[in-house]
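Respectively, the protein sequence lines represent chains C and X.
For what it's worth, numbering that gives the first Met the number 0 labels the leading residue of the first sequence as 0, then goes sequentially.
For what it's worth, numbering that gives the first Met the number 0 labels the leading residue of the second sequence as 0, then goes sequentially.
Honestly, the hints are just simulated from the structure, not real lab data.
Fair warning: this is a prediction, and the values are worked out from it, not measured in the lab.
A virtual CB, placed ideally from N, CA and C, is assigned to each residue, including glycine.
A couple of the hints might just be wrong.
[Stated by the list, open to error] Taking beta-carbon pairs under 10 Å as the criterion, some of the chain C residues facing chain X (in silico): (1) Glu60; (2) Phe63; (3) Gly65; (4) Ala72; (5) Thr95; (6) Phe102; (7) Asp104; (8) Ser112; (9) Glu120; (10) Tyr121.
This is what each chain is made of:
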Amino acid sequence: MRYASRKDSAWSVLRRAVLPLFAALTLANLPVASRAEDLYIICHPSVTLSPADLRDVFLGEKQFAGQVRLLPADNSAARATFLEKVLRMDYAKYLTAWTKKSFRDGVNPPTVSGSDAEALEYVRRAPGRCSYITSAPGPGVLVVATF
Amino acid sequence: MPSAKSTARSLCGLAVLLLTCAASGPAHAAADADQVAQLQTRLEESLKAIDQLTARVRELEARMDAVQPGGTAAVAGAGGAPGAAPAAPTGAAPPATSAPGAAPEQRLTSLENEVAAITAANAARHEDMGLPLHGFADVGAGTRNPVNPNLHGAAVGSVDFYLTPQLGAHTRSLFELNFKIGTNGDLVTALERAQLGYQFGDAATVWLGRFHTPYGYYNTAFHHGQQISTALRRPGVVQFETTGGVLPAHAVGLWLQGSSRLDLGRVTYDAYVANAPRIVGGVLDSNNAGNAHGDALYGGNFGYLPGGSLDGLRFGVSAFGTKVQDDLVVRNLTRVNNYGVYAVYDTDRWENIAEYYWFDNKDLSGATGSHNSDMGFIQLAYRAGLWTPYARYEHSDLDQTDHYFSAQRFGNSYYRTALGVRYDLDWSSALKLEIAQTHVTDRNIDTYEEALMQYAIRF
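Pulled out of the complex, with its shape left as it was, chain C reads as follows (with noise of 0.2 Å):
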């Protein structure tokens, strides 16, 4: 009776303490996994982009959405998920791959966010402006794509 009852007690220690917390961190774990995942591709709602056009606008092949010019800028804050998911390219061939496209052509290339906010925040403020963030950016922008 007594091992009974200390196999009970073990059992009880592992259901009320172990289990629980257990299932706490697999909770606060996992939206954390998935938000390191997301990426929220941006755009003013003036802009009228199709996911695949992402790759083309963030590379300088496509500058306007109809009559407006698009401006596409970098995050650093989720470059290298962008880069990752959507380019499929590193850092060093997307500076290069940027350089030569703007010797050649005379585009420039996009210009640099520092974060999430500073990001969403340049989105905002005038059409044709696109970029990337890595939370969900509530109203005023466009999401042309999620990864």
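Given chain C, put chain X in place with the hints provided.
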């Protein structure tokens, strides 16, 4: 309810205690009085110490409030009642505990406002980025100067600056200034490009000015950008006019260019009309200030990029036509028709480029008739991390009875085999080595070898 037994036990105990006290009382009365006096003194000293400590605590709290203004009111109230004895801090305790709850909110709001202001200022900063200045530079050494065969050793390549001022939604501009050392060691400056353009959209931009003539791929893709080209030097067949080329690498005129994405990939096009070049001192001159005879250089380029599973592949055709006059004693005028095809495969691993040009020229001033010539190159490069080995074969077979070539200093035929390697020191600089063997097949027939080194950067 206590039982009778326990009550009796308690009464007995009390009786014994009283008897004991009564027996010892007279003997210890004096000593007890002394002890009580000592205890009273110590009690008074303790109370004084407590008072001192209380005062000290108040003083420290007051100092903390001075450091943390958010908590000032409550604790200052406590400290502001010096007469209130130890009870004062206790009375001040409730406001002291509620104040920190309010103060962080104020601080958070203030911080939020500050961050919003910084964010807005940074976002506004994008609107005025100034005028970015970029460029390329290269230096090198070799057993034989690529331009002047009588020289060897270290040499300055060129320093190239380009500017792309952003002037508006549709207005574009591009300026490029190049400094290089000429064949005789003098500094040569050149306004490589000076273009002003109006962009209607992705499909059409009209440029006016001096630009890189859009034939083939290499001339517009790399030009003076030695750091972005894999190989150590341009193929001879598409060299600059002053360093060995027979094609007009620059043009002054009107240039329409654009691109469009289709379901099956992307197409690019160029169409241009420019001043007809002339041959001055054995070198093609693009007539920057206009030409005398009014002839034009006109041409176009059409490219196709399939994309998708063939991403990185590009191929196209180009052509130009013009009339070129030389400056010989008996001047010659030649109708030059050039047709080109090119293919590029540029991926993370490969950079393969092939271009081929065919001339169908006609002597307009003499009686030598029509002349056909051809030239081309193929370059294969494999990107293996920081190392990129490459191989290139160049070939030109130029009709020396054609005045267009015979009047040019570099109009001889040749073929060259080159092996090289590029090492990327970082994203902006590269070291290149090349060995090559060249056979000059007409005029002064010759064969020579070269070992060249180059250090190229971009900024």
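If any of the earlier hints don't hold here, list their numbers in rising order.
-> Violated hints: none; all satisfied.
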